[in-house]
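Enquirer: Sequence lines, in order, name chains A and E. So the first sequence is numbered by our numbering: it starts at 1 and just counts up by one. So the second sequence is numbered by our numbering: it starts at 1001 and just counts up by one.
Hints are not guaranteed to be accurate.
Part of the chain A face toward chain E, derived, beta carbon under 10 Å [to be verified]:
#  : residue
1  : T414
2  : E418
3  : E420
4  : A421
5  : T423
6  : S424
7  : G427
8  : R437
9  : I439
10 : T441
11 : K443
12 : L447
13 : K454
Simulated from the structure, these hints should not be mistaken for laboratory data. In this text, all values refer to a predicted model and were calculated from it rather than measured experimentally. C-beta atoms are modelled at their ideal positions from N, C-alpha and C, and glycine is treated no differently.
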Amino acid sequence: MAYTEEELKKELETKEYEYGFYTDIESDTLPKGLNEDIVIAISKKKEEPDWMTQWRLEAFRAWQEMKEPEWANVKYKKPDFQDISYYSAPNKKPKYNSLDEVDPELLDTFKKLGISVDEQKKLAGVAVDIVMDSVSVATTFKKTLAEKGIIFCSISEAIQEHPELVKKYIGTVVPKKDNFYAALNSAVFSDGSFCYIPKGVRCPMELSTYFRINQAGTGQFERTLVIAEEGSYVSYLEGCTAPMRDENQLHAAVVELIALDNAEIKYSTVQNWFPGNKEGKGGVYNFVTKRGLCEKNAKISWTQVETGSAVTWKYPSCILKGDHSIGEFYSIAVTNNYQQADTGTKMIHLGKNTRSTIISKGISAGHSQNSYRGLVQVNSRAENARNFSQCDSLLMGNECGAHTFPYIEVKNKTAQIEHEATTSKIGEDQIFYCNQRGIDTEKAIALIVNGFSKEVLNKLPMEFAVEAQKLLEISLEGSVG
Amino acid sequence: MLKIKNLHASIDDKKILKGINLEVNAGEVHAIMGPNGSGKSTLASVIAGKEEFEIKKGSISMEGEDLEELAPEERAHKGIFLSFQYPVEIPGVSVTNFIKTAINESRKARGMEDMPANEMLKLIREKSQMLDIDRKFLSRSLNEGFSGGEKKRNEIFQMAVMEPKLAILDETDSGLDIDALRIVADGVNKLRSKDKAIIVITHYQRLLEYIVPDYVHVLHDGKIVKSGTKELALELEEKGYDWLKQEAAV
Ligand SMILES: Nc1ncnc2c1ncn2[C@@H]1O[C@H](COP(=O)(O)OP(=O)(O)O)[C@@H](O)[C@H]1O
Ligand SMILES: [Mg+2]
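Let the hints inform the model, and build the full structure from the sequences given.
Expert: Dropping the structure here:
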């Protein structure tokens, strides 16, 4: 019997969100609401030094004066910030030396996610710092890294053990008053990762963090700080998945990258948070501020595969401050059902001979809205700046939307800016062609979408690329029509 | 192998096929000729299972099994292959990746494991040599920026790799120069065997000098108006289609 699109849709509608389960782990959770006492309590729980507490309070006070941004092409019910609990930690136990000490239920969660620490340990060259709710519970490969002088730990640990580094760099790329969500994050961030690569060191493995939101009603506020000293190199992977949830979960992360002279940072993200159900109910709100600073001759590449979240607001950016520095942004954003994504990048050319590349692939299906928003800014002193931008949109069906908002501000005549944009649709003829070769419709769509996304997928580290490809397929299941 | 009985097919209530009868046995090569718009590609699409076309009357069966209930990919798994008149582009999907996916999906449908990589490599190498296709071509995006001739050669390459039971070649000769035509025809002839069948759709008899058919049918206005042996193709070449149209009108 011919498998019609209608039947395909039906079947997939009942498919539960792959990782939509909930782990019942005893948690240490602060009461809902946000005020100075809560900010202080978070800082206390983290046993932070006073300067950190004060920094948070300044951010909080600034945040109180700020308004939620409304310029993005997304519509959602504004979160009630007093109805969120800002801190939750799985179990009281602060650290684990071996897996045996870890809550078996937690290990079970990892298994369901397909990222058992066991497996990850075996995966050559990948050190995993898993963030379960807000506190890191497992860190591996630390020793190998330590031998090279590389620091890879939770931000809380860094605040205690490397306060001079944190103090020097935190908030230098994303100031605590940068925007509404960055200010909120600065006030209440409870965990995240810290990474420091010493001068001249090439990090021998991909550093990888798996994020996970777990506690009902807990917003997660990750803070990540990556510092690459002169002439160093690091590739950092970030991936996540979340349990099925009815209420909206707010997520407002801040990531700051600092690439000093001749350093290179590759930052790759696969984002798969619960996108809401097929009626658009529930799902994660993902309001992220990611920004990197390039000193002389430095390079920062952002690569992201965004398939999850109900609402995404995210613009990984590069400040090309040093002469000859390079910024890259490679992105695949998939929206299905009622998902909304407003994502893109900012490339700020300050130094001479700076170069940036933007490759953005948006895939929209269902009733979703997918917007690319990008700014290329060339300052007056940025002689010979070059930018190439390519924004491609792929549409599936007639009810979704793809939008492109490129902003170009050039204050130096020597700049060379190129912008290309295409919009295409998966055609019946393409699908029939594949069908005729024995490839069913679902597989055909996966093939076409992977082809469309190839330039970006190719930028991901191998093990991540495979995972990302699978994610694309899962996210678009049932979207034909 | 293939039995078509009194087939009527429409699209958006426009009648295109108006009572086709055709029987193709294993080992045979049939040519279908006819002027533009007579329904040749429609017939090929209907056999391959394109859902836009609605079968109003009649039946199509393959090895005794009614095809109407089968999805296009299931027909492909049964060994039906269509070389498209206008092959579509799939950006970012290499010829190799596409062929690999097609082979493995068909194997999966037959309960087989994926083809081992070295076997796949050998197969692709052998067939690409046969069709004089160079390696660079294999890494290009499927049909993207291909010349007309390259597209057709790629179709026949896929056919050679898939080794279908029933191959339908829709205007494979158009866009090919004489050398390419010879190479492609050789490739098709290699597929000829007593348990396989081929339907060659063309409106010139040129291709039929290289792929010599056992039977020739002339399609006009959705009906087969004349059938014969290979000499009929020559006769058509000489007289054009008009005399048949007149004959059909009588
Ligand atoms: N998708 C379609 N929609 C409407 N009419 C079609 C479609 N495909 C084919 N036709 C019509 O059907 C008739 C036969 O077309 P076709 O099968 O392509 O002929 P041939 O291959 O013999 O040139 C033509 O009149 C053509 O316009
Ligand atoms: Mg035709």
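Enquirer: Take the hints in turn and mark each one as holding or not.
Expert: Hints and how they fare:
Hint status for A/T414: violated, given a least beta-carbon distance of 33 Å to chain E, over 10 Å. With a least beta-carbon distance of about 20 Å to chain E, the hint placing A/E418 at the interface is violated under the 10 Å criterion. Among the interface hints, the one on A/E420 is violated; its C-beta lies about 14 Å from the nearest C-beta in chain E, farther than the 10 Å criterion. The interface hint given for A/A421 is broken, as the beta carbon of that residue sits about 15 Å from the closest beta carbon of chain E, more than 10 Å.
A distance limit of 10 Å between C-beta atoms decides the matter here; for A/T423 the minimum to chain E is near 13 Å, and the interface restraint is violated. Look at A/S424: its Cβ gets to within about 8 Å of chain E, closer than 10 Å, so that hint holds up. Checking A/G427 against chain E: minimum C-beta separation of about 7 Å stays under 10 Å; hint holds. Hint on A/R437 holds. Least Cβ distance to chain E is approximately 4 Å, under the 10 Å limit.
Among the interface hints, the one on A/I439 holds; its C-beta lies about 5 Å from the nearest C-beta in chain E, closer than the 10 Å criterion. Because the beta carbon of A/T441 sits about 8 Å from the nearest beta carbon in chain E, less than 10 Å, this interface hint is met. At about 6 Å, the closest approach between the beta carbon of A/K443 and any beta carbon in chain E falls short of 10 Å, and the interface hint on this residue holds. For A/L447, the suggested interface contact is upheld, since its CB lies about 6 Å from the closest CB of chain E, less than 10 Å.
Hint status for A/K454 relative to chain E: holds, with the closest Cβ pair at about 4 Å, below 10 Å.
The structure is inconsistent with the numbered hints 1, 2, 3, 4, 5, although it conforms to all the rest.
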